[in-house]
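S.K.: Chains A and B, in that order, give the protein sequences. 0 is the number of the first residue of the first sequence in numbering that gives the first Met the number 0; add one for each residue after it. 0 is the number of the first residue of the second sequence in numbering that gives the first Met the number 0; add one for each residue after it.
Just so you know, these hints were derived from the structure itself, not from any lab. You can trust all of the hints, since none of them are fake.
When the alpha-carbon atoms are kept at most 35 Å apart in a straight line, the in silico DSBU-like pairs for lysine-lysine are as follows:
no. : chain 1 : residue 1 : chain 2 : residue 2
1   : A       : LYS175    : A       : LYS285
2   : B       : LYS130    : B       : LYS44
3   : A       : LYS39     : B       : LYS1
4   : B       : LYS27     : A       : LYS39
Computed from a predicted model, the values in this text were never measured in an experiment.
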Amino acid sequence: MNTFEFHTPASLDEAYSLLATHGDDANIIAGGTGLVLFMKQRMVQPGHLISLRSIPGLDYIRVEDGTAHIGAMCTMHQIETSPQLREVLPLLGETYRHVASVKIRNMATIGGGLSHGDPNQDPPPSLIALGASVVLSSASGRRTVPMDEFFTDYFETDIRDGEIVTELEVPLPSPKSGGAFIKFLPRTADDYATVSAAAVVTLEDGGKNCREVRIALGSVATTPIRARNVEDALRGRELTPSLLREAADLVQDEVDPLDDFRGSSGYKRQMAQVFARRALEAALAKVPAVPA
Amino acid sequence: MKTEHRFAAPANREQVWDLMLDMPRVGKCFPGVKEVEADGDQSYKGTMQVRVGPVSLNITGTMVVTGMDKDLWQATMRVEGADRRLGGGVTGDMIVNLVDLSDSETEVVVISDISFMGKLGELGQPIIRKKADSILREFADNISRQF
Chain A
0 MNTFEFHTPA SLDEAYSLLA THGDDANIIA GGTGLVLFMK QRMVQPGHLI
50 SLRSIPGLDY IRVEDGTAHI GAMCTMHQIE TSPQLREVLP LLGETYRHVA
100 SVKIRNMATI GGGLSHGDPN QDPPPSLIAL GASVVLSSAS GRRTVPMDEF
150 FTDYFETDIR DGEIVTELEV PLPSPKSGGA FIKFLPRTAD DYATVSAAAV
200 VTLEDGGKNC REVRIALGSV ATTPIRARNV EDALRGRELT PSLLREAADL
250 VQDEVDPLDD FRGSSGYKRQ MAQVFARRAL EAALAKVPAV PA
Chain B
0 MKTEHRFAAP ANREQVWDLM LDMPRVGKCF PGVKEVEADG DQSYKGTMQV
50 RVGPVSLNIT GTMVVTGMDK DLWQATMRVE GADRRLGGGV TGDMIVNLVD
100 LSDSETEVVV ISDISFMGKL GELGQPIIRK KADSILREFA DNISRQF
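Full structure from sequences and hints, please.
M.R.: Pasting the structure below:
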């Protein structure tokens, strides 16, 4: 690892000014579970690390006005075990529970994970399916980016110079909806997924037809993707097993997997269809029969 | 890594050929290229900033035009570059061919055989291939804007 200077700003303003001073030579560090690996591999060699851990008030969980506001410095373990989130957004905890191992989840933060931009991570598909947004703050204010527009390329995100991820906003799903995240792990339990898929299905009040559906997949392209053509094939229709299968097959036009040691591109493309269908089936099964 | 990219430029073959002779101008059509200057006869040096996944490189290097054959509408060049800080680089050969499509359209065919070393090499071929595709797409757009 290269030598670097470690900064511990006590406020976001101080962090912004450090970012402005050191520019490209600086990296923001939160839990460090992603960045430190890259530094050890010498993929990234920053001269300055700006730690967010001494900045108070970035690890809140607040549910108000139909939206969960989650501070970027919440650890993944906090999300996994929050009773408040389990009540209103069970899919979040179920998803974060799948990330790596408990030791990692105790260190890794949700904001750090998103900034890392790894297309193989577990949370992004669920966050896209839930319609979440990322709040980016900088010296000149804050802006909100929908999760399905946040990832721009392999390990690249929409974070601009001087910006820091400070919050995750997740709208609470309607009572007549169900969500599921599934991960294909043919190797070891703490591995990255070969393919992962998340779906949130909402049915019409008192009806069987699909009012709204969102489905997203991980590890099937250079970014997590939202399978809009699958959604379009389902919206407004009754979700029969044959329709789910038919719609899930469309996912192959949306994915563009990388060949790697977890599987060839062609294999992942097929698995994407299988896991898209299973995620839809699992989400549909979780829709409560009678709205609470 | 061998790649082949094709795109149509909105000009006749003569105009595209003239543009290709102007290396500093063509070079700047590559996304990330900061400067290109002549460094002797048919030799140019320049810097290029590329980001592939987590790796961000500032590559300094040279490009030598090794052949220009207007009868065949073909140019060949050799590129060499390295990032001293991170330890990564590229060397390779490129062949550019111009194919007449119509009076106002020329197909540019870029065939390259490039070796990636150091940190770039570690990322693996599938991801570099995708990056090369996106760089060439942007290059094609920028070339089209020159006419």
